[in-house]
Every structure is written in C-alpha cells, then in structure tokens.
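K.L.:
Residue numbers (our numbering), protein chains in the order written: chain A, 280 to 604; chain B, 5 to 341.
Take these hints with a grain of salt, some might be off.
Which residues of chain B face chain A? A few of them, derived with a C-beta cut under 8 Å, are [what the hints assert, rightly or not]:
| id | residue |
| --- | --- |
| 1 | R142 |
| 2 | N162 |
| 3 | G164 |
| 4 | E168 |
| 5 | A169 |
| 6 | V175 |
| 7 | K177 |
| 8 | A333 |
| 9 | A338 |
| 10 | W339 |
| 11 | N341 |
Pairs of lysine-lysine, BS3-like flavour, derived with a Cα cap of 25 Å [stated by the list, open to error]:
| id | chain 1 | residue 1 | chain 2 | residue 2 |
| --- | --- | --- | --- | --- |
| 12 | A | K326 | A | K475 |
| 13 | B | K250 | B | K276 |
| 14 | B | K48 | A | K326 |
| 15 | B | K237 | B | K48 |
| 16 | A | K389 | B | K120 |
| 17 | B | K20 | B | K317 |
| 18 | B | K294 | B | K276 |
| 19 | B | K70 | A | K389 |
| 20 | B | K177 | A | K312 |
| 21 | A | K528 | A | K598 |
| 22 | B | K237 | A | K330 |
| 23 | B | K177 | B | K268 |
| 24 | B | K120 | B | K20 |
| 25 | B | K120 | B | K70 |
| 26 | B | K177 | B | K19 |
| 27 | A | K475 | A | K532 |
| 28 | A | K501 | A | K598 |
| 29 | A | K330 | B | K177 |
Honestly, the hints are just simulated from the structure, not real lab data. Predicted, not measured: the structure shown is a model, and the values here were computed from it. Glycine included, each C-beta is placed from N, C-alpha and C at the ideal position.
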Amino acid sequence: MAQLTYREAVAAAIAQEMERDETVAFIGEDVAKAGGVFKATVGLFDKFGPKRVIDTPISEQAILGAAMGAAMTGMRPIAEIMFSDFLAVCWDFVANEMSKSRYMSDGQLKCPLVVRTGNGGGSRFGAQHSQSIENWAMAIPGIKVVAPSTPADVKGLLAASIRDNDPVIFFEHKSLYAIKGEVPDGEHVDTLGTAKVVREGKDATIIALALMVPRAVAAADKLMQEHGIDVEVVDLRTLVPLDMKTISKSVSKTGRLFTVEENPRLCGWGAEIVSIVVDELFWDLDGPAVRITTPHIPLPAADNLEDIAIPSVDRIYNKILDVLK
Amino acid sequence: MAKKQTLKNDDINEKKRLELYNTQYLIRFAEQRAYDLFLENLVKGTSHLSLGQEAIASGFANAMQKNDKSFCTYRGHAHTLARGASVVGVLGELMQRDCGLMRGKGGSMHLTDTSKGVMGSYAIIGAHLPMAVGSAWRAQYLGHDDVATVFFGDGTTNIGAFHEALNYAVVYKLPVVFVCENNNYMEYTPIESITAVKNPAADRASAYGLESIIIDGNNADEVYRTAQKAYAKARAGEGPSLIECKTYRLSGHSRADPGSYRPKGELEHWKKNNDPITRYRERLIEFGIKQNVIDDIENNVKELVDQATEEAKNSPVPPEDILTTNVYANGGWAWRN
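Modelling step: build the complete structure from the supplied sequences, incorporating the hints.
P.N.:
Next comes the structure, spelled out in structure tokens:
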C-alpha cells in the first residue's frame, strides 16, 4: 500500500485509466500544463501529452458539450469544472442534456463521461467558490453522483466512474485534497453505489459524505471516549446509485439516525434518506431522525463565520449528545 | 417570351439534382402531412415545421458522407428525413406511437436516428453546438474521417453556447460545420431588431477568424456546393466553417403560431417568388429534365408518405412498461438498491 494524498489519488486514477483505454481523454481549464488549480492533475500532461490532456478556454458549456459529443460518438472523456459552483453556468448540460439524451432517444444515445469538480467549503473562498452542490445533481434522473472522502476511494471510485457507461458527476472535496491515506497498489477499481461502514457502533448511525465523514468519525470517537456512546458512521460515497441496504442495515441495528450534510438545509440529500428511512424503517427507529446541516444561507468568507456554518466535530458531537441524552 | 435555352449539366450531375429535389419534396410533403395530422389532433404536443427551409436540409444532407453526423434543433424533422430516417419513424414519433423513432419517448423536438448519423435534436437553444464540436473532437482524436454538421436558427447566434462552440472549434481546428438557418424571425420577433449586426451568424464569423459566408438558403444547388466546400475543408484538417443560409419559414414558429407578426404581404411574397420547391422544379426543367420524371418523384414521395401515415395511424401507443426503460445504461431506472 502506498501513501497518497487525495489530490494525488485523482491523478493516479486518471493515469491508470488512460493507460488502459486510449479513448479516455481529459479536458478542463488549466488542467494540463499547470496541473490544475488544485494540483490534482499534476504530471498527466507530461505523461500523456497535449492530445489527451487538454487546456480549454473558460467555456464551461463548450467543455461539457464537447465531452458529451465525444462520449456520444465513442470516447470516454473526463471534463473538469474547476469549482462546482461553476456548474451553474453549464447546468443545462447536466440537467437537460447528458442526463436525458439516452431516455429521449430510447437508448440510441450513450454518454459515458465523467465531470470532475472541486466541491465544498472550508477554504474561506466565500459564497461562489465554496458550495456543496451534490444534492443538486442528486435531483436529476439519468446521472450518477459520487463524492469520496479518502484517497483510496478517490482512486477506486474515479476509476469506476470512468469505466461506467453513464454520465457521472464526481465531487472532489477541496478541503480534503491535502489529506493522506493508504491506496492499494496496482490497479484499483471500486464499485459505484456502495456505501461503507467506516466506524462500527451500536447506539446510533451517522450517515455522512465527503468532508463530513472524518468529522463524523471524530465526533463519534469523542462521544465514545467521553460518554461511552457507541456511534456507527456510514460513508455514503455515492448518492446515486444510493446504497439503501447498507443504510437500512445500520439504522435497523442502532435504532437512531443522524445525517451530517454540508449542503444548505432545504432539500439536502439527508432529507431524502430520512424520508426513505421513515417510510420503510419507522418501527425500527427508537427516536426522531435528525439532520445536521449547514444553515439555509450562502456561505460567508470569514473563517470564524464559515466554521460555524458548516457542521463541525463539536456541532455533530453536541447535537447527538443532546438528542440521545 | 423567347423559349429558354436548356442548360447543360454542370458540376452537379442530373442524378444528384434529382436527389436534391427528391429530398426537398419529401420534406415538403411530410411536413405538410405533419401539419394536417396536427389539425386532425393526431400530432400531440408541439411541432416546428421546416416548410420553406427544405433546400438547406437537402443541400447539406446530399453533400454528406454516410458516417457524417448531424446535430439538429427542435426544428429537426427536415434534417432527420434528409439523412434517410424512415418516414413512418418520424411521423410515428410526432404522433407519439410505438413505431416512432424513439417510441414516443422523445417526441417531435428530439428526433434521433443514430443509424443514419442523426445524433439527436435538442430543444434548449445552443446546447447542441458544443456537442457537435465534441463529435468533431472525437473524429480528430481517433482519426475518423467524418464531419459533424450542426443546424441552428438565427436566434441561436445570441446565446453564449454559440460563441463558446465557435471559439473552441477554431482553437482546436475541428471538423465541424456550423449552419445557421436565418429565417428572419427569432420565434415571433424579427431577428434584426434584437441583434447587434445585420447578419446574425456571418457578421460574427470574423470574431473567430472565420470567413463570412452568406448564401441563398432557398437554392439547393448553392447550398449543396457550399456544403461540399465546407466538408472538403473539414476533412482536409483545415477546421470549421460557419455558413449563414438566408431563408424564410412558410409556417408559424410552432404549431401554436399563426404568424400574425409578419408584415402584410411578406409571406405571400416569399411563397410566390422564393419557394425553394417551385424554384428547384423550374431549375430541373431548365436542365432539360422531363416533366414525367419530376412527376414520378412527386408521386413516389406522396405514396411513401401516405403509406407511412397509415402505418403510423395503425401503430399502437407505446406500451407502459417503457416508461422507466433507458434512463441508465443498464436499460433501467434504478437509483437505489
């Protein structure tokens, strides 16, 4: 096992798939010679050259449209949208085009592509460079939605996304790029639609995603150390397909459900999970299902304000303690 | 009046001229049929006809190779038919029957027949221009010799995706041909009244280092020759072309539009003096083609469209079990386990 950072795992996954499949190519703004503004694609241009690793103009519609046209006709492109907030300027391609062309053509059109994007807060960038928008993507039928929390999952799930025959929106968390973790040696391909129990427990279940996973684990450790409360943490990893089996199994075991979401409150992905659990596992619950989210506000730039907006270890810890007491 | 001299065949031979006419007449007759079926309440939803714009679809399609790709707008019946898609598949889709090209799941605005290179019709203005660019990128990347053609209206030239796509295509020298069908109206509004330049596509060409090309879109020969040149350029690796075709829509914007915004007499003028079908029929005669040959083409088209109409009318509606098919590549729609 090699130690890789989250950002190195991005480049490792793309390199692994480019070596395997000639039809994989990568486009985006500043992704080639500069290696990406988050340095997540360093080395790819040197290794694969300008034909396969391409710097584009600031033209998000052209980037996603070009990826789609290429995917429809035989390639497996990867397109980077630098900050997930920018997806709003090319959302037509996500919401109306790549997600619907297969259905509208009754299966004649295919669209095997990956849109990689830097998602989430914690960088003090303010309201237009910090959002967690994976819940927007989750609301659209026809696409898959992935948001890993560890370097190993980045590599395995990005490789799986590139090999997948559907369009995948791959949300990389900006505040996780620097973390290090073990990544399996050799070819590593994971499975979309599988959640993972990252901390076993018996008293309550936390469902978390991306940056909220390490925070949920830290809160669970503190609850155990200080109060002997044994919390299970499930890393969702992909929102679509949604691994309800793993969620249901955990909630049935613990009888308590908490979701920890970085999205603003309304229509965050946790609302859907709570709704399914209430619908299907109501009699397994020993108390209310509780959502811990960012308030329904744009994100501020100031560090002290951003820190109290996004669920922190302490907020998760305090809320669970309050509810379970 | 002196009898006109019979013209000699030029670079477009007789066989090709008859094909150009056949395609135009097929579009004319099928679009009129679509309108009749709408009046019978058999065409549901909306539809956008290409009556009066047939020469553009015919000229380009007849200059294409089999493996070339077409990307169309919601006004896409003409371009789909021009590539050889089945008439019953097109009319069936307009009537939302099981025999439709997409079994009623797309409808009039999304005609697709990938087996004929029709890579879809898109109803969000501008979206398909970058897609055509992507298809061209694939051709260049994999060393294929096909060219992507993207058809769009004059109104599209004022949306961002048009400009993004042109810049992108020029930067990477991609084999894509941008075809603006300027029919004078952005839906109900005269295009000149809402555009900074007189020629909405051609006057923007210089901003992207492209030649400004304006042609008579109601002259199938001129369209065909222009298309041939653009395809030769694209296949030679010399990059994209932007072509503005002047034309006129002889029907409303969509089926809901009676066209009351047109100045009095304008429609009649175009119908009388600049109908591409009438003009081309006269041209065939100038080239010495016998009336009975023209009659045969028209009768065959009528028979084909009549048969297709009957077949589509007799086709069942789509079965309910396809409601949830082909959302994802595995054929289904499951978003959870």
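K.L.:
Quick one, are K237 (chain B) and K330 (chain A) close enough, alpha carbons at most 25 Å?
P.N.:
Since the Cα atoms of K237 (chain B) and K330 (chain A) sit roughly 21 Å apart, the hinted pair holds (cutoff 25 Å).
K.L.:
Is the hinted pair K528 (chain A) and K598 (chain A) satisfied, with a Cα-Cα distance of at most 25 Å?
P.N.:
holds (23 Å)
K.L.:
Does K177 (chain B) hold up as a contact with chain A if the rule is Cβ-Cβ below 8 Å?
P.N.:
Violated: closest Cβ of chain A sits about 13 Å from K177 (chain B), beyond 8 Å.
K.L.:
Verify the proposed pairing of K70 (chain B) with K389 (chain A), using a straight-line Cα cut of 25 Å.
P.N.:
holds (20 Å)
K.L.:
Could you grab the alpha-carbon distance between K389 (chain A) and K120 (chain B) and see if it respects the 25 Å cut-off?
P.N.:
holds (16 Å)
K.L.:
Given the hint that K237 (chain B) pairs with K48 (chain B), does the C-alpha gap stay at or below 25 Å?
P.N.:
violated (41 Å)
K.L.:
Check the hint pairing K250 (chain B) with K276 (chain B) against an upper bound of 25 Å on the C-alpha distance.
P.N.:
holds (17 Å)
K.L.:
Can the hint on R142 (chain B) be confirmed by a CB-to-CB distance to chain A that is less than 8 Å?
P.N.:
holds (4 Å)
K.L.:
Holds or violated: are the alpha carbons of K294 (chain B) and K276 (chain B) at most 25 Å from each other?
P.N.:
holds (23 Å)
K.L.:
Does the interface hint hold: is N162 (chain B) within less than 8 Å of chain A, judged Cβ to Cβ?
P.N.:
Constraint on N162 (chain B) not satisfied, violated at 14 Å.
K.L.:
Just to be careful: measuring from the Cβ of A338 (chain B) to every Cβ in chain A, is the smallest value less than 8 Å?
P.N.:
Result: holds, 7 Å to nearest chain A Cβ.
K.L.:
Would you mind confirming whether the straight-line C-alpha gap from K20 (chain B) to K317 (chain B) stays at or under 25 Å?
P.N.:
Violated, because 33 Å separates the two Cα atoms, which is more than 25 Å.
The structure fails hints 2, 7, 12, 14, 15, 17, 23, 26 (numbered hints given earlier, in ascending order).
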